[in-house]
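**Student:** The residues making up each chain are set out below.
There are 4 protein chains.
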Amino acid sequence: MTENGFHTVNNKNYDIPKIGIGMLGYGFMGKAHSNAYHKISYMSWPPVAIPQLVAICGRNDKKVEEAAVRYKYQGYYTDWKQMVKDPSIEIFDNGSSDKMHFEPTVAAAKEGKHVFCEKPLAVSIAEAEEMLLAVQQSGVKHMCGFNYRFIPAVRLAKNIIEEGKLGKIYQFTGHYFHPFGSDPEEKVENIWYAGPGHPGVLYGIGSHLIDIARFLAGEIDTVMGITKNFNKTRFDSNGKKHAIAGDECNAAIFEFTNGALGSIETSCIAPGRMNHQFWEINGSKGSIYFDLEDLNHLHVCLKQNNRKDLSGFTKILVAEPEHPYHSIFYPQPGIALGWEDSFVAELNHFIDCIINNKSVEPYGATFYDGYINQLIIDAIEKSSVNGKKMKIAAEF
Amino acid sequence: MTENGFHTVNNKNYDIPKIGIGMLGYGFMGKAHSNAYHKISYMSWPPVAIPQLVAICGRNDKKVEEAAVRYKYQGYYTDWKQMVKDPSIEIFDNGSSDKMHFEPTVAAAKEGKHVFCEKPLAVSIAEAEEMLLAVQQSGVKHMCGFNYRFIPAVRLAKNIIEEGKLGKIYQFTGHYFHPFGSDPEEKVENIWYAGPGHPGVLYGIGSHLIDIARFLAGEIDTVMGITKNFNKTRFDSNGKKHAIAGDECNAAIFEFTNGALGSIETSCIAPGRMNHQFWEINGSKGSIYFDLEDLNHLHVCLKQNNRKDLSGFTKILVAEPEHPYHSIFYPQPGIALGWEDSFVAELNHFIDCIINNKSVEPYGATFYDGYINQLIIDAIEKSSVNGKKMKIAAEF
Amino acid sequence: MTENGFHTVNNKNYDIPKIGIGMLGYGFMGKAHSNAYHKISYMSWPPVAIPQLVAICGRNDKKVEEAAVRYKYQGYYTDWKQMVKDPSIEIFDNGSSDKMHFEPTVAAAKEGKHVFCEKPLAVSIAEAEEMLLAVQQSGVKHMCGFNYRFIPAVRLAKNIIEEGKLGKIYQFTGHYFHPFGSDPEEKVENIWYAGPGHPGVLYGIGSHLIDIARFLAGEIDTVMGITKNFNKTRFDSNGKKHAIAGDECNAAIFEFTNGALGSIETSCIAPGRMNHQFWEINGSKGSIYFDLEDLNHLHVCLKQNNRKDLSGFTKILVAEPEHPYHSIFYPQPGIALGWEDSFVAELNHFIDCIINNKSVEPYGATFYDGYINQLIIDAIEKSSVNGKKMKIAAEF
Amino acid sequence: MTENGFHTVNNKNYDIPKIGIGMLGYGFMGKAHSNAYHKISYMSWPPVAIPQLVAICGRNDKKVEEAAVRYKYQGYYTDWKQMVKDPSIEIFDNGSSDKMHFEPTVAAAKEGKHVFCEKPLAVSIAEAEEMLLAVQQSGVKHMCGFNYRFIPAVRLAKNIIEEGKLGKIYQFTGHYFHPFGSDPEEKVENIWYAGPGHPGVLYGIGSHLIDIARFLAGEIDTVMGITKNFNKTRFDSNGKKHAIAGDECNAAIFEFTNGALGSIETSCIAPGRMNHQFWEINGSKGSIYFDLEDLNHLHVCLKQNNRKDLSGFTKILVAEPEHPYHSIFYPQPGIALGWEDSFVAELNHFIDCIINNKSVEPYGATFYDGYINQLIIDAIEKSSVNGKKMKIAAEF
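Protein chains in written order, with our numbering: chain A, 1 to 396; chain W, 1 to 396; chain F, 1 to 396; chain B, 1 to 396.
Just chain A, with the same shape it has in the complex (with noise of 0.2 Å):
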């Protein structure tokens, strides 16, 4: 203590597990898990472990090092090859473009990094096995960046279903639209998915969809699928024409292993509709909905034998004590949480898995999640070519 009553601290008082980050990426994700990082350290007292973020990587030397001050890295690499070898890193974090998320993430696995990859896993059925088979090889701890998982709302439409209190599962239904390219006239720049080789909204949002309609309804056994392209050239604000390579919308509709009835519609073309993902599940007991546009609530159904006369769907403000990764935030009831907590609460998972050696499975999703949702992906496109239902065959 000075003389004026200031007290400086001592760190050493409070004997909290670290752990070393590498970010790859300094975008919209770079920032989304730059940001989780920062607030896992001190949202929740103590926390798993108190994240170290050693260094964030990008290929512009004068950008990067702007990201690094920005978001408090200690040091910046220009070149992820040097990066995946840094010893001080243990989480190997690829949030950059779904083109960079092969090469990188394998790398880091082979040098024994934990790794976290952002969604797709990759842009090909080879690349997304190769990158399975790294991580079993090597025994790291991998998961995909299906962060939807985590939003409390999603994780107890998950409680619930493990419960049973749907009883027997009939049916998925998901959607997911997006406004962003509904104007023909719109700019290429405007359109996350209009960039150059992206593969377009079933990659980039229908992932998502896929994915909780595996987390929560089951295994996709065969799959029928359109996948469509209104607007197949764009200008940019040059004036220069692009060709749009990835689709636009697309639909489908599955059976699960487990006899349920699955439908999901992908749309980036959907105006009004600024992050619609919805979905609802139907079982012979109950049935439960959610719109990620109102993040906080989950709306369930549950059959009520003796008073069927007050039966209905409860909208519940997933925000409360009992409810889950609450207590990684706010203590309080009927806190809102943002999008990006979802975010907070998957990797603060990731980390809790590494230091506690405990299964990423079944609330995260792993790189075998990864690759799945990539054959399902693939077999989508291939049923909107050849107009045929298509079975999905894992080989792992």
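No lab work stands behind these hints: they were computed from the structure.
Ideal placement from N, C-alpha and C gives every residue a C-beta, glycine not left out.
There could be a bad hint or two in this list.
So the derived label-pair ranges between C-beta atoms look like this [to be verified]: (1) W:Gly197 - F:Ser327: 41 to 51 Å; (2) W:Ala245 - A:Leu310: 29 to 39 Å; (3) W:Glu3 - F:Lys62: 15 to 25 Å; (4) A:Ser327 - F:Ala393: 23 to 33 Å; (5) F:Lys308 - W:Pro184: 27 to 37 Å.
For this one, chain A is given, so just place chains W, F and B on it according to the hints.
**Tutor:** Just chains W, F and B, lined up with the frame of chain A:
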């Protein structure tokens, strides 16, 4: 005027057309239609015509007499073959069971009666073709009972699309979910699709969704579909076991001839969804959605160029003097209509088309619509068996 | 049976009571009530009684004859003083303007007719007292037209409260908002509360909210209130300026005799609120809320001791066989009712009470309820002037 | 750059202002504010300033050290009298209990610190006056923590009103309902307003509603109010009985100086209402409503002259680049914010006003707003006792 001030009315002062009705069936649809004819006679004034309830028909003498008394028909028949010859009857209204749609309706058309037939038009393509042929050859007016076209909110949606306010149509998505069969222990008597010979929920309510898709988004070109039945046998209250022939739920994806993508899903095993007909249409300039459980509202998002910050879905209470079909009901604003009022507007339209020799189309569904609907149902069922995309090929 | 198979019905087979109706007024309420009497005769079977539409009454000979033809009354009167003496009339139904409630209703009661009078019962305490006295002295059945008690969702709320499921009642909060006068340029003809001599929105719709508060939460002890009129003059379509006497909006807070806290607010200058009667009740064990724009639903939150994580408001579609008043309408589940059906259930209740000599209370509103309502309106108006808390002191 | 490619960052390249923070309190608000300071430093880039977390203060040495470690403060104080003199501190942030707002805040202001004080500003008019006087005399920047002004949807409402889009304001209606004390058996520890000396829910959350009313609808002229306490004693977990001094619910009606009518109701005994801050504003040209349980949406109805048939409330997801405060968070559209982000925007505004010497008003709440708020609370409490309309008479 009598001494005590009582005036008897002089109907001759009121030169309002009359139209004779012969009703087949006195169950659910018989009640809804009879109620509609009564309300048509006084809800707006002067009405387009005053329905004369000539006769109602059913096999059970005692029950049909009671129905005639109850619904104020002048008399009744126990043999539809006799009723279709009654010269006082101008409209033959078939509200009987699905299997009884075909023969009486064809006979009535051949007798030159205008024919209104409940949906689904038939239970096979062959029947539907012959019914369509019959009305075309006799030249009578004909409607198929897709009553949801006549909900003011649905018609407003149609108007908005016809005005081009949604731009190019990209997608149609629909659900029609009922809860009735979700419990495997539910008795056969309580499940409308479980009766002997009932063709199932794709016929029963899927047909409505197919009609709405065609009404609002355009003609359907190809389909892929899956139908499911999780509870292939059920008991009745007497402990007798019954085989359930029809489907309990189904999902289909399709392409419209205008290139749009479509998806529908029907279920009668969805707890909590009491009458959840939901559909959404996305176009290049706007979106619309609707839910039958809240039938007085339509949700519309039209892009606003100048104020993107004020954009979103507008929840319109479709109950104002500016709205479709409002003049048929109460002139006051803000008066919520009920489910039954869709029949009032529908049958009022039919009578108007007859009295004023107008075309039933495009706002009313004809036997052609019933026939195409049947083709699509058939294609979905075939696709579910063969796992292939099916082409809709009308022969008319 | 005729040779061609046509059977005429034999009404004598059906021993159903009949009850004679005399209707005063053929405007908005005249239509809603006449429609209700028709529907009562056939919606459920057998009905409690079949209304005989004896006569309708209005001053304009030509218009009232037209109304009699339209709504199928046997005849008409142009002088209510003569109609109240008609021996065929058992129910005198007063659906005329507020100012015309007093004199004809008292006269009819004195003639021994059962009297139904629209709300507000009167336009002064003195009138209301005399009306109540008249029915008490003559011993006739009497109801005041607070029809919203007869919406199934509202009655379900009453049942839930009577069962004690909300525990001790803490609070009642209500809004009743209309949009009609919000624009200062709106013409007098388009604003229901702006007609000459109209007492304003507290009488017009505030009375409904007061009745719901009393029906569900208990008797009112004291009130404080504010009434406002922002547009004291308006033009009609001919450019003539009119003074507007009544209030446009008001707010009041009150204490119930059971200690609960109350708050109501009424407005006809609320853009976008087409018929927004919202109210909420909070008790020690649960809460309920309702919105008239979505009249088939009730939202109920009952505390669940064992699963706080599944707690929230349940949105109940009050349209199932288990629900109040369902048996009056369609036996099928999931059939949304319209606004007009509140009158069907209300008048059906009145007829049932007469035919079976039951008490109109507690589910129907009597002239006593109309009288107390008037006391409360008066107290709110006085408090707005004197800025003080007013005690409700019934003399009956 | 090291040999292995690791670059350490060079902070000197980034010329971003810094600002020293001294935080009083490490409970709920201490956490929310500390989190906000962290997020301000990186969520947008460059930030208006980077908060330097100089010190946190609390009486319990062990706990405050832990808080300093957890939230990454450089050090801590156990005596606020010493912290307010720390020359590194530019902002004194008072997030401690209501009773502790007065003395430390005045002291900090006298030391020339910019002061941020949580709401309610004080627990008496005398305190509030002295606090306002202190900041006026010292000339420091000051804010009172009415954070809900900084929810993007609330600020959008403010903008819409400032643009005149609602026309003349007629009415403000608000509820703020919590469920925490509804059960009489609930233990004292679980009820935030039941602690010893807590002034109750009118202070605790009613103050928020009063602030929103003033922020959006104008200054308040007169009030009438009722406050209630149904559970005057409660037990704690140890079985000890406690008297509860403050109110549990209250209702007030008021007149604004602009003539508008106001109504608010606050409750902490409303089951199912987890954080239900609802308010609605009606004007001559439009209406707005908002619910804090769905904080990313604003519902707006603006009259459309040309298309009355498309009119209604538009549900706006206030999370687009066009919206207020969006630039502070993620540049992507459709990203739902959480409750905590209101503090991020609020404290960012305060820092911006200090760094760039801008006025805190009109978008931020000052000590003047806190003082007026206290006057209104006091008037409601007095009116509840004397049953009279009270005038709000500011002395400043």
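**Student:** Would you mind marking each hint as holding or not holding in the structure?
**Tutor:** Hint-by-hint comparison with the structure:
no. : hint                            : in the structure
1   : W:Gly197 - F:Ser327: 41 to 51 Å : violated, 29 Å
2   : W:Ala245 - A:Leu310: 29 to 39 Å : holds, 34 Å
3   : W:Glu3 - F:Lys62: 15 to 25 Å    : holds, 22 Å
4   : A:Ser327 - F:Ala393: 23 to 33 Å : violated, 55 Å
5   : F:Lys308 - W:Pro184: 27 to 37 Å : holds, 30 Å
The structure is inconsistent with the numbered hints 1, 4, although it conforms to all the rest.
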